[in-house]
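Given chain R, put chain A in place with the hints provided.
Protein sequence lines, in the order shown, are assigned to chains R and A.
FYI, in numbering that gives the first Met the number 0 the residues of the first sequence are 0 to 423.
FYI, in numbering that gives the first Met the number 0 the residues of the second sequence are 0 to 423.
Just to be clear, a hint being listed does not mean it is correct.
All copies of an identical chain are treated as equivalent in the list; a pair is satisfied when it fits inside any one copy or across any two copies.
[As the list claims (entries may be wrong)] In silico DSS-like cross-links for lysine-lysine, where the CA-CA straight-line distance does not exceed 27 Å: (1) K112 with K207; (2) K207 with K20; (3) K20 with K375; (4) K148 with K207; (5) K390 with K20; (6) K105 with K148; (7) K112 with K148.
By construction, these hints were calculated from the structure, which means they are not laboratory data.
Here are the chains, one letter per residue:
Number of protein chains: 2
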Amino acid sequence: MRAQAPAAELICVGTELLDGKPDAHLPAIALSLRAAGLRLSRATFLPDGLPALTDGLRGALGRCDVLIVAGGLGPTFDDLTREALAAAVGRDLVFQPRLHAGIRRKFARLGFKPARENRRQAYLVRGAEALANSTGSAPGQLLTLRGEKRPWPRSVALLPGPPGELGPMLRDEVLPRLRRTYCRGVRTRSLTLHICGLPESVADERLKPVTDQAGPELDFTILAGSGQVDFHAFARCASAARARRLIEGVRRQAGRLLGGHVFAEGPVTLEAAVGALLRRRRLTLAVAESCTGGLLAARLTSVPGSSGYFRGGALAYHDDVKRGLLGVPAAVLARHGAVSSACARLMAEAARRTAGADLGVSITGIAGPSGGTPRKPVGLVFIALAGPGPKVEVRRLRFSGDRQAVRQRAAAAALRLLWDQLSR
Amino acid sequence: MRAQAPAAELICVGTELLDGKPDAHLPAIALSLRAAGLRLSRATFLPDGLPALTDGLRGALGRCDVLIVAGGLGPTFDDLTREALAAAVGRDLVFQPRLHAGIRRKFARLGFKPARENRRQAYLVRGAEALANSTGSAPGQLLTLRGEKRPWPRSVALLPGPPGELGPMLRDEVLPRLRRTYCRGVRTRSLTLHICGLPESVADERLKPVTDQAGPELDFTILAGSGQVDFHAFARCASAARARRLIEGVRRQAGRLLGGHVFAEGPVTLEAAVGALLRRRRLTLAVAESCTGGLLAARLTSVPGSSGYFRGGALAYHDDVKRGLLGVPAAVLARHGAVSSACARLMAEAARRTAGADLGVSITGIAGPSGGTPRKPVGLVFIALAGPGPKVEVRRLRFSGDRQAVRQRAAAAALRLLWDQLSR
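Looking at chain R on its own, in the form it has when it is part of the complex:
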């Protein structure tokens, strides 16, 4: 079925994207389209400017069935996506009084008078349908070009550039329409497994019996992030039952091959998964961080509602702080050093005690670039978890990579240790 799948392309508009501003769209749009049964075959970044935009749109329309265009729908003179599409397909722009009234109402609700320039946002390419913008002023548009000798009509969706406006419009307005046009009779289902504690290459190798099944009905993507690997599976079938059955099979087989390394499904982070376990088990947590210097706590507290289970802790970067704030005895530091199993254990216990928490987790290690010795090289990290109850678990780990990589992997490993302990 993949051979006949419609070809989709993305165009991102904005001179700033070619001048150093990081893209905010491509990965998220790629994954949304695939879950809807479409797959990107090209993405193009174009500068503002009518000739370049028109040329880029024309080229893409010659290759693909579905074209998503992000950006250039604002009210100012350099927002030219509407004009460029009109030129590329040889149609004119038509002023829509009802759209204009809607834009004026939106501004009125916010207590502003719309600028004269906002009138420009009320023009549609002739024949295009307006797409509602639930969070901003610029309406999107969807132009469907029918009556050609192709298996499908061609569709062009113009979406506003701000991710907070584009995301909802793509999900609520564009994808349902595209599914009706291009995926008629096709039932889709997708699955995301989050994996921790395995490097990408190992996850890749282990999942080979699954990914070898890629074909017209099933395909896969493995993406590595900060301390975790995400495995995506997509089914496109003639019946919903078959799509469900295939994805169920993938879930079971992947789960078996990955052992206990799958920590969650769906759009969730490791820190949110740990938070959910803490909440369910009504446990509170404190931390003591040395080499990660706050990275672990920053991830834990990035989760809304983390104040329900996270108490705080100590940034025991210097040995004086390990002694003073956490009460690690000077004798332990002198005999075993700060990067040791003994110190990690005492730090975890002290974090728990001083913060009045049920669990205490600690990290102490050598992030580099300097500070390593033959016996304690850069990348050596000890992680300890005290509790629940009297037990303390200590892990000795060795990470490769530069300072940032060691720190991020150490924070991820501590989250993994928490997840292992809490999900037992």
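Structure of chain A alone, referenced to chain R:
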């Protein structure tokens, strides 16, 4: 001079880039090219696969003078950039025994035998020059197409995908050659100013008298990041003296317009700038973080060598920790609340005292999404700095945006307060 500037394009190769993997090249390459006097007019992401790659390369070669291609130079069957370029320009691939010997020597030094597939990396498009790879196995290649009726020859640089290999090869091998070909008689100079404490739109407005000077010899880009704004200026002139003079003028004028908001020049982060000031003044620092939960410390300790001045501190997320670890009196918390000037002041003083540091900085606020009240809304943050000496400075700030935005802006504001204090 810009009208005659050569057109440059970038092609990034890899199916994974169209399947959700974030790009690692475009912003860095865009800025490197501009500093060398070139500017990207388009960037294209293409999947592995000969027809798509060949078509994409051919299209780009029809439009631009300089084409940078990232990725697809590995040894495996889906690394097809070499083959696609050969097809796009109608040349064959030539095996280079010397390149092959070099690859074998590299593997031997690492104690490996190269796989049979690595032979593929020793082929050059006929007429191309090999580019040394200082950190990996895949050589790059630079093909120069001369003898056409154009103001310049066309150049295509094939670079390996891993950023750690691409970066040095672009800087050391490609850009010097491109400058000789395309920027003969053109002298370039660039300037980056890092701005903190101003939103992007305000920085933009203030810098208007500078950016209005954009023209053939000067152009500008303003990019907003996490809690800071970067202002880039690029000069392309016929003489080095004039380029220097123009950039000096921009530096002076921008510095005046931005007041004390410029914290550094060149490639440096706010945390590194603060670290350099601490080191120069031989001062140590401790932190007490509530709503940012470690973000500030994580940024401070991301700087190599930060153990020379950063002592640690407290993650005082829960009020019990503010009381227990930091000794903030229960009466202060009851009377003023944890999000108050009084609490911020006591936290900063306690961080300094308990960690034995010269300076203590604290953050307490409401990151949301819940927890706000009419008197203390989401986004309200107090930041305090104790020291040097007995003085304590407290700032009351109000940030907009979601939980992550409030947290990041609060951490950046604390760095800003440190920078203000230390650079006086």
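Against the structure, the hints:
Taking the shortest Cα distances, K112 and K207 sit within 27 Å of each other only across copies (25 Å), while inside one copy they are farther apart (59 Å). Taking the shortest Cα distances, K207 and K20 sit within 27 Å of each other only across copies (19 Å), while inside one copy they are farther apart (37 Å). Taking CA atoms no more than 27 Å apart as the test, K20 paired with K375 passes in neither setting, with 40 Å inside one copy and 34 Å between copies. For a Cα distance limit of 27 Å, the shortest separation of K148 from K207 qualifies neither inside one copy, at 40 Å, nor across copies, at 52 Å.
When the C-alpha separation of K390 and K20 is checked against a cutoff of 27 Å, the pair qualifies neither within a copy, at 49 Å, nor between copies, at 40 Å. Proximity of K105 to K148 under the C-alpha cut-off of 27 Å is found in neither arrangement, the shortest distances being 42 Å within a copy and 54 Å between copies. Within a single copy, K112 and K148 get their C-alpha atoms no closer than 47 Å, and across copies no closer than 54 Å, so neither meets the 27 Å cut-off.
Going through the hint list in order, the structure does not satisfy hints 3, 4, 5, 6, 7.
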